[in-house]
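K.L.:
Here's the letter readout for the chains.
2 protein chains.
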Amino acid sequence: MKFVLSTLVLLAAATPSLAFVRPSQSVQRTAPTLNMAALPEVNIGIFGGGTVGGGIVEIIESKREHFEKMTGKSINVKKIVVRDLDKARDFTVPEGCVITTDFDDILGDDSLDIIVEVMGGTTLANDVVRKALSNGQDVVTANKALIAANLPDIEALINKVNEGKDEKVEFRYEAAVCGGIPIIRSLQSDFVGDDITMISGIINGCTNFMLTAMDVHGKSYDEALSEASDLGYAEADPTLDVGGFDARSKLKILIRLAYGIDVEEEDISCRGITDLTKLDFQYAKMMGGSIKLIGVAKAVGDGKVAAFVSPAYVTQNDSLYAVTGATNAIELISKNLETTTLIGQGAGRYPTANSCINDIISLAKGDKTPLPFNPPSKDAKFVNNYESNFFIRLKYKDALGITRQCGEVCEKYGVSIHSMLQNPTTKSDDAAFAIVTEKVPLSSVKKFCAEIEELDWCQGPAFYMPVLREDWETALV
Amino acid sequence: MKFVLSTLVLLAAATPSLAFVRPSQSVQRTAPTLNMAALPEVNIGIFGGGTVGGGIVEIIESKREHFEKMTGKSINVKKIVVRDLDKARDFTVPEGCVITTDFDDILGDDSLDIIVEVMGGTTLANDVVRKALSNGQDVVTANKALIAANLPDIEALINKVNEGKDEKVEFRYEAAVCGGIPIIRSLQSDFVGDDITMISGIINGCTNFMLTAMDVHGKSYDEALSEASDLGYAEADPTLDVGGFDARSKLKILIRLAYGIDVEEEDISCRGITDLTKLDFQYAKMMGGSIKLIGVAKAVGDGKVAAFVSPAYVTQNDSLYAVTGATNAIELISKNLETTTLIGQGAGRYPTANSCINDIISLAKGDKTPLPFNPPSKDAKFVNNYESNFFIRLKYKDALGITRQCGEVCEKYGVSIHSMLQNPTTKSDDAAFAIVTEKVPLSSVKKFCAEIEELDWCQGPAFYMPVLREDWETALV
Numbered sequence: 001m002k003f004v005l006s007t008l009v010l011l012a013a014a015t016p017s018l019a020f021v022r023p024s025q026s027v028q029r030t031a032p033t034l035n036m037a038a039l040p041e042v043n044i045g046i047f048g049g050g051t052v053g054g055g056i057v058e059i060i061e062s063k064r065e066h067f068e069k070m071t072g073k074s075i076n077v078k079k080i081v082v083r084d085l086d087k088a089r090d091f092t093v094p095e096g097c098v099i100t101t102d103f104d105d106i107l108g109d110d111s112l113d114i115i116v117e118v119m120g121g122t123t124l125a126n127d128v129v130r131k132a133l134s135n136g137q138d139v140v141t142a143n144k145a146l147i148a149a150n151l152p153d154i155e156a157l158i159n160k161v162n163e164g165k166d167e168k169v170e171f172r173y174e175a176a177v178c179g180g181i182p183i184i185r186s187l188q189s190d191f192v193g194d195d196i197t198m199i200s201g202i203i204n205g206c207t208n209f210m211l212t213a214m215d216v217h218g219k220s221y222d223e224a225l226s227e228a229s230d231l232g233y234a235e236a237d238p239t240l241d242v243g244g245f246d247a248r249s250k251l252k253i254l255i256r257l258a259y260g261i262d263v264e265e266e267d268i269s270c271r272g273i274t275d276l277t278k279l280d281f282q283y284a285k286m287m288g289g290s291i292k293l294i295g296v297a298k299a300v301g302d303g304k305v306a307a308f309v310s311p312a313y314v315t316q317n318d319s320l321y322a323v324t325g326a327t328n329a330i331e332l333i334s335k336n337l338e339t340t341t342l343i344g345q346g347a348g349r350y351p352t353a354n355s356c357i358n359d360i361i362s363l364a365k366g367d368k369t370p371l372p373f374n375p376p377s378k379d380a381k382f383v384n385n386y387e388s389n390f391f392i393r394l395k396y397k398d399a400l401g402i403t404r405q406c407g408e409v410c411e412k413y414g415v416s417i418h419s420m421l422q423n424p425t426t427k428s429d430d431a432a433f434a435i436v437t438e439k440v441p442l443s444s445v446k447k448f449c450a451e452i453e454e455l456d457w458c459q460g461p462a463f464y465m466p467v468l469r470e471d472w473e474t475a476l477v
Numbered sequence: 001m002k003f004v005l006s007t008l009v010l011l012a013a014a015t016p017s018l019a020f021v022r023p024s025q026s027v028q029r030t031a032p033t034l035n036m037a038a039l040p041e042v043n044i045g046i047f048g049g050g051t052v053g054g055g056i057v058e059i060i061e062s063k064r065e066h067f068e069k070m071t072g073k074s075i076n077v078k079k080i081v082v083r084d085l086d087k088a089r090d091f092t093v094p095e096g097c098v099i100t101t102d103f104d105d106i107l108g109d110d111s112l113d114i115i116v117e118v119m120g121g122t123t124l125a126n127d128v129v130r131k132a133l134s135n136g137q138d139v140v141t142a143n144k145a146l147i148a149a150n151l152p153d154i155e156a157l158i159n160k161v162n163e164g165k166d167e168k169v170e171f172r173y174e175a176a177v178c179g180g181i182p183i184i185r186s187l188q189s190d191f192v193g194d195d196i197t198m199i200s201g202i203i204n205g206c207t208n209f210m211l212t213a214m215d216v217h218g219k220s221y222d223e224a225l226s227e228a229s230d231l232g233y234a235e236a237d238p239t240l241d242v243g244g245f246d247a248r249s250k251l252k253i254l255i256r257l258a259y260g261i262d263v264e265e266e267d268i269s270c271r272g273i274t275d276l277t278k279l280d281f282q283y284a285k286m287m288g289g290s291i292k293l294i295g296v297a298k299a300v301g302d303g304k305v306a307a308f309v310s311p312a313y314v315t316q317n318d319s320l321y322a323v324t325g326a327t328n329a330i331e332l333i334s335k336n337l338e339t340t341t342l343i344g345q346g347a348g349r350y351p352t353a354n355s356c357i358n359d360i361i362s363l364a365k366g367d368k369t370p371l372p373f374n375p376p377s378k379d380a381k382f383v384n385n386y387e388s389n390f391f392i393r394l395k396y397k398d399a400l401g402i403t404r405q406c407g408e409v410c411e412k413y414g415v416s417i418h419s420m421l422q423n424p425t426t427k428s429d430d431a432a433f434a435i436v437t438e439k440v441p442l443s444s445v446k447k448f449c450a451e452i453e454e455l456d457w458c459q460g461p462a463f464y465m466p467v468l469r470e471d472w473e474t475a476l477v
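Those protein sequence lines, which keep their order, are chains A and B.
Residue 1 is where the first sequence starts when you use UniProt numbering, and the numbers rise one by one after that.
Residue 1 is where the second sequence starts when you use UniProt numbering, and the numbers rise one by one after that.
Be a bit skeptical, because a hint or two may be false.
Each pair may be met inside one copy or between any two copies, as identical chains are not told apart.
[To be verified] Under the rule of at most 30 Å between Cα atoms (straight-line distance), these lysine-lysine pairs were calculated in the BS3-like manner: (1) Lys365 with Lys73; (2) Lys87 with Lys63; (3) Lys168 with Lys69; (4) Lys335 with Lys381; (5) Lys304 with Lys63; (6) Lys381 with Lys69; (7) Lys73 with Lys381; (8) Lys78 with Lys335; (9) Lys395 with Lys285; (10) Lys160 with Lys63; (11) Lys365 with Lys131; (12) Lys335 with Lys412; (13) Lys160 with Lys69; (14) Lys219 with Lys285; (15) Lys368 with Lys168; (16) Lys160 with Lys78; (17) Lys63 with Lys335; (18) Lys73 with Lys160; (19) Lys439 with Lys160; (20) Lys285 with Lys368; (21) Lys365 with Lys63; (22) Lys165 with Lys63; (23) Lys335 with Lys73; (24) Lys87 with Lys335; (25) Lys365 with Lys69.
These are computed hints drawn from the structure, not numbers from a lab.
The following block holds chain A by itself, in its conformation from the complex (with noise of 0.2 Å):
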């Protein structure tokens, strides 16, 4: 059976491109000096032949002695699938490796050990998973939106396949989450006797590159995305980036790793980066910090988990302070390692092929992981809503009573305030104020908004996102 290219040419052409040839790894396949007859081989075959899957082939060609030395076998790459035979490649084809367009190349091939996913998308993407781990072959993926989309349906099918058998399939995805940082293993393997209070962090890169450019280049928002994209850092689909919605899609994959739950990811509430101005800069440099893009989950007791993506306001004394540009870093607050941080490059061709390389040495001299590691509970449940201190941004025109009005809906809705911003030099036909809360729900201060919003000095809606700081910590409730 062939399967419809068309589908994988627009995924294929709709992800940004960021290869580049590295000269030093990308060289022909050297005569390895051990004795070759002697060693078992590992058979790969890639399903993508792009910017990750042309790193991967890179790093096995430029290692490939070390890794017969640590492993004790030789590592292959003997097909990979392309959508364009045509297309020149920006890596050296190793010696012997087939290039194809035909999917049951590789489906078809049971002399190939461990099947890689780099192409992208849900649709033929999970088709070729599910295939490969049925015919008992393990597998390796980059692909965050399959994982997000089918972790336990794929997990359902490995145990399925694996019952009663000596030689089970593995099946691994460090590279889904956050490029090069290895959070998944971290996850699997860091935790195990431990339990993790809260997972947070910078997980998306073109958001924090864009909120970098923002506060400390002073870029426009417009100005800022335009950047982004050109270097590569923004989706084909922005809006999957500033709403927030691809850092969603990873804090759906932390909490079933950290909490065993599977949530709907229209459950988690998302706020993206689109409402900030360059006030809301001001007012974080006065209050001595800056804003990121943070995803959060955090377990709340009684078996509760709950989790938001939103700017948040971050001081200087945060780990995540300094995590400029397209990093990303993720926070972890568990019992016995207090607190554990993890910062790395979120994307790109080599970072995200490590992660990849990683896993199939891993599956190479043959460790296990259990699946799931963390199993799925029954018992928790998702909650979708937290308590925090918060930052409102105001804008208003002119008028008597603003303070007395502010602080009689406050009171009305149980929001304590903190303290109140105003900076003398904002412009009078951008007049903007900002309240920052003592510990509220989130609930209330979307009321307290929603009055305000209705007061005649109010102008445009209020912008609202929770405080981070070491003596004011969020909770979710």
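Use these hints to put chain B onto chain A, whose structure you have.
P.N.:
This is chain B only, laid out in the frame that chain A set:
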């Protein structure tokens, strides 16, 4: 054979006690819900029933069912060797677990699968580890001093024991470097296809706590040290911390893992924090940053690796800047991943025990780690010199011609000046100014300082440290 316990007594007594009972984890073993009869057992013997040993037992007991689900095995602590049977334990001894003072109770017991060494020291601990490995038992240790002193010997022994055998012994030491930070496994599994060009970080919690106290809280050196000791952050001999020697031991281990080189600790240039003054922090603040004690190792080309331990100036934008208190951080620069940073707890009961637990569960589920993962490189060479921007602070008594003379000596040794700093608020009896250099070799800075120290106006020894900032990359040559 019975080991003489007097040395062990001394060692155990010298270890600062961080022990406290967390009620939620100090529980009695509960009846497992899985069918015990069907589960294979993994039996553990522990040397050391103190802070870390107690934490390990607590976690194993509180996570019993979870571990059974994950590994399909029953994990049982069967024996614990302690120095004093009569001492009250800060954990609940599991049902059926024997507490003994007789080393041979464990070492002669073939029913034990994993030997955990958390008693510290390098003499008896080395004996224990070697005997267990020779006996075909897997070993987990948290012993930094042991690993720094004996890793190559232990690896050689393991290779000998494993030769020609299908069932190989495994050796794990995640807890030996930076407690709860999973840096060992990260170096063994996240960089398998990568080339690490630089590894640097804050790898001593005691000194980082002291530097934070001095910088942020304005404490004196003596106040900061006394507070660190009270909180259990200091080694029994705090010279190991403040002199940089503890950091150097860890750096030696990291160099071995990142570059496959065995370095003599004494060959690594090492300066502690004892010469730092309040003025240095004032100048660091003027420059917009702070001072951290860091360890750095860098591949400098031609198979050469250079390294040092020293206080260093870091900017606010450096991910190390926000790492305060007893927290540790390790930053890795590599070809594929660019920059990766791991931040976490470098010591303490549960962070350290958590790392031991990760090792134990990894062994229980049958993961294999090729040993050594990065084979020792015969070609790689260690060189003891480096190039950097430097901060040089000179105490002086007022005189004419200071600037001219500094300029002349700088010129003589090729030390190019980037900027000069002088705080006008400095008291005249403690007057000092600082020079920030362009990138120059350490050797030139030393010559410059030696000649300046001879001049009439120069009071006491010159203090110098490297300057780390994004746009001023420290190079080791």
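K.L.:
List, from low to high, the hint numbers that the structure doesn't satisfy.
P.N.:
Violated: hints 12, 19, 20.
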